[in-house]
Amino acid sequence: MASDTIGIYGLFTDPDVDKAREHFRAKSRKMVNKVTTVREAVERLVQDGDYIAVGGFGTNRIPTAVLHEIVRQHKKNLGLSGHTATHDCQILAAGDCMDRCDVAYVVGLEARGLSKISRQAFETGKVKAVEWTNAALAWRYKAAAMGVPFVPARSMLGTDTATYSALKTVDCPYTGVKLAALPALFPDVGIIHVHRADVYGNCQIDGIMVSDYDMARAAKRLIITTERLVPHDNIRQQPDRTVIPYYCVDAVIEVPYGSYPGNMPYEYFSDEEHLKEWLAAERNEADLRAFMAKYIYGVRDFNQYLELCGGLERMQKLRNQEFLLNGQGR
Amino acid sequence: MSGEVSYNSMELMICLAARNLEDERTVVVGTGAPCAAAMLAQKTRSPNLVILFEAGGMGPLLPSMPISVGDSRTFHRGLMAASMPEIMEACQRGMVDYTFLGGAQIDMYGNLNSTLIGSDHQKPKVRMPGSGGANDLASLCWRTMVMTVHNPRRFTAKCDFITTPGYLTGPGAREAAGLPPGTGPYKVITDLCVMGYDKETCRMQVESIHPGVTREQIQAATGFELLWADHVFATDPPTVEELRILREQVDPLRYIIGRSE
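Taken in order, these protein sequences are the chains called Z and E.
When the letters of the first sequence are read in order and numbered with my numbering, they come out as residues 785 to 1114.
When the letters of the second sequence are read in order and numbered with my numbering, they come out as residues -16 to 244.
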């Protein structure tokens, strides 16, 4: 099978599936209660230098509480899978937690504009960037979830996105077609916010999965935050709804409104005002420092952050917005 | 009659884009103007157009403009709340007809830059978001369309970075790179004109000129030499009905059509 090296960079993560098998061989299959606190989970499962992957999609179903805690604990030199990492990337950049990133989509918050602090992290060279695409990262998780060193795909080819990646190509042994060989991505830590989980970590997600089905399986360690902890029997009654099985999961934390200020499907809409406040605070250093001191460093936990952001009254408004009860759809 | 109707350039571009979306086809859109164009198409000539979003939304009955490509609206009363792999694999299988993309720069072959301005990849002058799903969609969907304002900074002789493939370096380049045959740039809809691509050279070519715009004006707003179709048409302006539906049903709060760009 002929192959070519296209990308000029190396990989941040090891695609060696046999090493991954050894890791997963040692991973516990015990069905034990994994409920803990965000603080304990981050202390135990996120180490300086780890490569992390964040579930959801930028400002949708994101595990905000864990990201804040990573900043609060001053974790350093993290690698980030930038699969539409928008508010998540912004939080980690503001906390100066990253030194490398597989970029598919970062620094922007979609139509809301660019995050200055995220931009700076890349423009100063502080964060080393290797380019990919959203599908490439999604399929890199898939290769890892399948336990194979790469999956072939027909994207990225011919562009600078490929040149400034770590991509190699292969010729198909059956048809001769040239294919991008997307290397398996096994993050050290995956972090996903879900709608429901039991104490063992069996999870249900409502709405779009984005790429979390494969990311949950690819991650060596997995932290789950959940809107609600549910009785184990609820899982047993609807096994077809389980999208992440317990044995993938290392910690479970109940965090109501855990995707705030992001959107949580069928629960609450994004808080556009607060996201604007974030972007505005980044315009100068003093404002950002004050903002971070107020909302992240100065709070005990995520509940206190929610209180600062308007508490239940605010959440109620966002719930109404999610269900289109304000007549405007926003 | 139609000459009497007034509209802004965003309304014009959205109406023209909508006319390029045939019924009973599939289109992947982002937020903003492309989403408005797809919604308008559904409410006019293409009621059975199926809208897809890269994060997994499939066939929503959009109650309003989504803010994010992955927010709840993107699968509101949809056919399926799917996943990124589901949508991207549908594109790769050849099931998706259109996509709309944008960028800070576009060259004569329709290559797009949404990654950086500058020359040092590790220390760019301006870091932009990157490909997101754009490279994938332009590689895998059959027809790629671009809606953008027309100025020489955007229509550049050379992109600082080719994030997303157009015809790359010209005829045969996509196929040589390994991209699926038969895919590629289709239309560029701007505030001055509608362009397609010359079959032989794969270069951008003006097909129709908007009311009140001259050839000189279009070339002056373009950083490379444009080609002109044998028959360059006068753009049919938006109809009263298109504008009514756009303003009353698609974007009543003027999130998109109220933008100056």
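Mixed in with the good hints, there may be bad ones.
[Claimed, not checked] List of simulated lysine-lysine pairs, DSSO-like, C-alpha gap at most 30 Å:
#1 Lys108(E) to Lys1060(Z)
#2 Lys900(Z) to Lys26(E)
#3 Lys141(E) to Lys910(Z)
#4 Lys182(E) to Lys912(Z)
#5 Lys141(E) to Lys952(Z)
#6 Lys108(E) to Lys910(Z)
#7 Lys170(E) to Lys912(Z)
#8 Lys952(Z) to Lys106(E)
#9 Lys182(E) to Lys900(Z)
#10 Lys860(Z) to Lys108(E)
#11 Lys910(Z) to Lys26(E)
#12 Lys1060(Z) to Lys141(E)
#13 Lys952(Z) to Lys26(E)
[As the list claims (entries may be wrong)] Where chain E lies over chain Z, by a calculated footprint (3+ residues, C-beta under 8 Å):
#14 832 to 839
#15 885 to 898
#16 1015 to 1023
#17 1049 to 1060
#18 1074 to 1081
Because the hints were derived from the structure by calculation, they are not lab data.
Being a predicted model, the structure only gives us computed values, none of them experimental.
For every residue, glycine included, the Cβ atom is placed at its ideal position computed from N, Cα and C.
Between lysine 141(E) and lysine 910(Z), is the straight-line Cα distance small enough, at 30 Å or below? holds, 27 Å
Q. Is the Cα-Cα distance between lysine 1060(Z) and lysine 141(E) 30 Å or less?
A. violated, 34 Å
* **Restraint status (C-alpha distance of lysine 952(Z) to lysine 106(E) at most 30 Å)** => holds, 24 Å
Quick one, are lysine 108(E) and lysine 1060(Z) close enough, alpha carbons at most 30 Å? At roughly 24 Å apart (the allowed maximum being 30 Å), lysine 1060(Z) and lysine 108(E) satisfy the hint.
Holds or violated: lysine 182(E) with lysine 900(Z), Cα cutoff 30 Å? violated, 42 Å
How does the coverage statement for the stretch 1074 to 1081 of chain Z fare against chain E, requiring three or more residues with Cβ below 8 Å from a Cβ of that chain? Our answer is that it is violated, as 0 residues pass the Cβ test (under 8 Å) against chain E, missing three.
**Prompt:** Under the criterion that the straight-line Cα-Cα distance not exceed 30 Å, is the pair lysine 141(E), lysine 952(Z) satisfied?
**Reply:** Roughly 25 Å between the alpha carbons, so the hint for lysine 141(E) and lysine 952(Z) holds.
Pairwise hint evaluation, lysine 910(Z) against lysine 108(E), where the allowed Cα distance is 30 Å at most
holds, 14 Å
Review point. Given the proposed pairing of lysine 182(E) with lysine 912(Z), does the C-alpha separation stay at or below 30 Å?
Key: Given pair lysine 182(E), lysine 912(Z) is violated - Cα atoms ~40 Å apart, limit 30 Å.
Are the Cα positions of lysine 910(Z) and lysine 26(E) separated by 30 Å at most? violated, 48 Å
Against the 30 Å threshold, does the CA-CA distance of lysine 952(Z) and lysine 26(E) hold or violate the hint?
violated, 44 Å
| query | Straight-line Cα separation of lysine 900(Z) and lysine 26(E) no greater than 30 Å? | reply | It is violated: about 39 Å lies between the C-alpha atoms, which goes past 30 Å.
Checked against the numbered hints listed earlier, the structure breaks hints 2, 4, 7, 9, 11, 12, 13, 14, 16, 18; every other hint is satisfied.
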